[in-house]
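**Student:** Going down the list, the protein sequences come from chains A and B.
All residue numbers for the first sequence refer to our numbering, where the first residue is 124 and numbers rise by one.
All residue numbers for the second sequence refer to our numbering, where the first residue is 310 and numbers rise by one.
Heads up, a few of these hints could be off.
[To be verified] Ranges between beta-carbon positions, derived for each pair:
hint, chain 1, residue 1, chain 2, residue 2, range
1, A, Thr297, B, Leu336, 26 to 34 Å
2, B, Leu353, A, Ala286, 26 to 34 Å
3, B, Ala374, A, Ala323, 54 to 62 Å
4, A, Gly371, B, Val409, 50 to 58 Å
[To be verified] One-sided and incomplete, this derived list gives chain B residues near chain A with beta-carbon spacing under 10 Å:
hint, residue
5, Ala346
6, Ala349
7, Glu350
8, Arg362
9, Ile377
Keep in mind that the hints were calculated from the coordinates and are not lab data.
Glycine included, C-beta positions come from ideal geometry on N, C-alpha and C.
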Amino acid sequence: MGFDTAYEAITEESDSGHRWAFGTGFTDPLAGVDTSVPAGVDGADLAAYCLMLGDDALIMSHRLQQWLTRAPELEEETAIANIALDLLGQARLLLSRAGTAEGSKRTEDDYAFDRTEREFRNVRLAEVADADFAGLVARLLVFSTWRLALLVRLRDSADPVLAAVAAQGVKELTYHRDYAAQWVIRLGDGTDYSRQHMEAGLAAVAPLVAELFVPSAVEERLAGVAVNPAHVRAEFDAVLAEVLAEAGLTETEAGWLEAAGGSGGSSPRGGTVGQAGRDGVHTEAMGYLLAELQSVARAMPGATW
Amino acid sequence: MSEGGMAEEPRSNWPLFEVFLRSKRGLNHVHVGSLHAADAEMALHHARDLYTRRNEGVSIWVVKAADITASSPDEKDPFFAPSGDKVYRHPTFYEIPDSVPHI
Numbered sequence: 124m125g126f127d128t129a130y131e132a133i134t135e136e137s138d139s140g141h142r143w144a145f146g147t148g149f150t151d152p153l154a155g156v157d158t159s160v161p162a163g164v165d166g167a168d169l170a171a172y173c174l175m176l177g178d179d180a181l182i183m184s185h186r187l188q189q190w191l192t193r194a195p196e197l198e199e200e201t202a203i204a205n206i207a208l209d210l211l212g213q214a215r216l217l218l219s220r221a222g223t224a225e226g227s228k229r230t231e232d233d234y235a236f237d238r239t240e241r242e243f244r245n246v247r248l249a250e251v252a253d254a255d256f257a258g259l260v261a262r263l264l265v266f267s268t269w270r271l272a273l274l275v276r277l278r279d280s281a282d283p284v285l286a287a288v289a290a291q292g293v294k295e296l297t298y299h300r301d302y303a304a305q306w307v308i309r310l311g312d313g314t315d316y317s318r319q320h321m322e323a324g325l326a327a328v329a330p331l332v333a334e335l336f337v338p339s340a341v342e343e344r345l346a347g348v349a350v351n352p353a354h355v356r357a358e359f360d361a362v363l364a365e366v367l368a369e370a371g372l373t374e375t376e377a378g379w380l381e382a383a384g385g386s387g388g389s390s391p392r393g394g395t396v397g398q399a400g401r402d403g404v405h406t407e408a409m410g411y412l413l414a415e416l417q418s419v420a421r422a423m424p425g426a427t428w
Numbered sequence: 310m311s312e313g314g315m316a317e318e319p320r321s322n323w324p325l326f327e328v329f330l331r332s333k334r335g336l337n338h339v340h341v342g343s344l345h346a347a348d349a350e351m352a353l354h355h356a357r358d359l360y361t362r363r364n365e366g367v368s369i370w371v372v373k374a375a376d377i378t379a380s381s382p383d384e385k386d387p388f389f390a391p392s393g394d395k396v397y398r399h400p401t402f403y404e405i406p407d408s409v410p411h412i
């Protein structure tokens with residue numbers, strides 16, 4: 124059979140009634156995965172850990188979605204939307220897993236829409252607003268570098284669901300990190316004006332970095348299931364140093380890593396044990412974010428469409 | 310950037326790139342649309358984000374629209390009309406075997 128149009132050619136395999144707009148050959152990351160809680164793993168701890176990783180993705184995704192209609196170029200807007208969708212997909216799997224792990228029958232929607240601010244376990248880096256596009260790519264570079272390092276190790280988790288989510292997420296995060304790094308390099312190595320904004324963006328996220336590497340009690344108890352974030356600090360520092368050097372921000376680099384709590388430095392906010400995002404202690408930005416995220420579910424409880 | 314963009318005059322718009330995708334089944338690259346990007350590398354990223362979101366392709370080509378030499382609509386008749394009545398140029402007088410799918 125021949126093809127009359129480009130889209131016919133690129134979307135062959137449409138025998139099963141798919142229209143081209145939906146593509147073909149999609150895969151379910153959890154296909155064939157055993158979803159029972161592995162023996163010897165505490166269900167409540169596993170659920171708490173899934174909420175941490177799931178909330179990071181959910182809240183970061185929402186912040187990215189707020190960039191839609193505000194991005195500097197149409198093409199960037201689509202890129203940001205794709206990244207937000209990837210993270211939302213991870214959040215859905217992880218929040219659903221929290222429900223099965225805890226045995227509570229709570230759904231992903233219950234977790235996303237019916238919890239209050241203090242019940243969210245995301246790191247504060249995910250929730251803060253971006254001053255401008257340079258601020259966004261700085262935050263995205265830090266977030267995706269950190270999360271990619273975690274998910275790479277999480278592929279070997281004793282929990283098959285976490286391992287499957289991580290295997291899918293690694294491919295996604297690799298792209299997110301690449302996207303952010305490219306922009307940090309372009310802006311850092313661009314004009315004086317773009318460089319100023321890039322430096323300001325990096326400075327804004329530096330105080331929120333140390334918190335990413337402080338292991339919670341849950342992560343320490345779940346050895347073999349969870350990844351201890353303290354173990355990915357060296358990799359994170361190496362990646363950031365490489366990107367900042369490529370961006371011509373070498374003077375920024377040394378000071379930044381110190382301000383971010385690496386290389387022997389310390390951060391006042393990251394060092395406050397028990398008072399960080401993983402403990403449900405958030406910044407002022409979080410309340411406004413949740414008010415928007417949950418507005419429909421709060422106004423019309425149980426609504427379906 | 311490495312491509313010497315700093316030496317150029319500042320632009321108010323990014324140049325246009327044309328995007329070609331190859332499908333999973335290993336046919337040829339086909340034109341699917343265009344986009345704006347600062348350089349070829351960014352154009353590849355944008356093409357990935359704009360044109361492969363629904364699992365359409367496994368290989369992308371991008372080329373600056375300005376680098377394409379196209380036939381002009383004014384020359385349509387001299388260019389294409391002479392082939393219109395030469396039906397014998399089409400291989401329609403042959404039986405095409407079922408095992409040759411892409412002709």
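**Student:** Which numbered hints turn out to be false for this structure?
**Tutor:** 3, 6, 9
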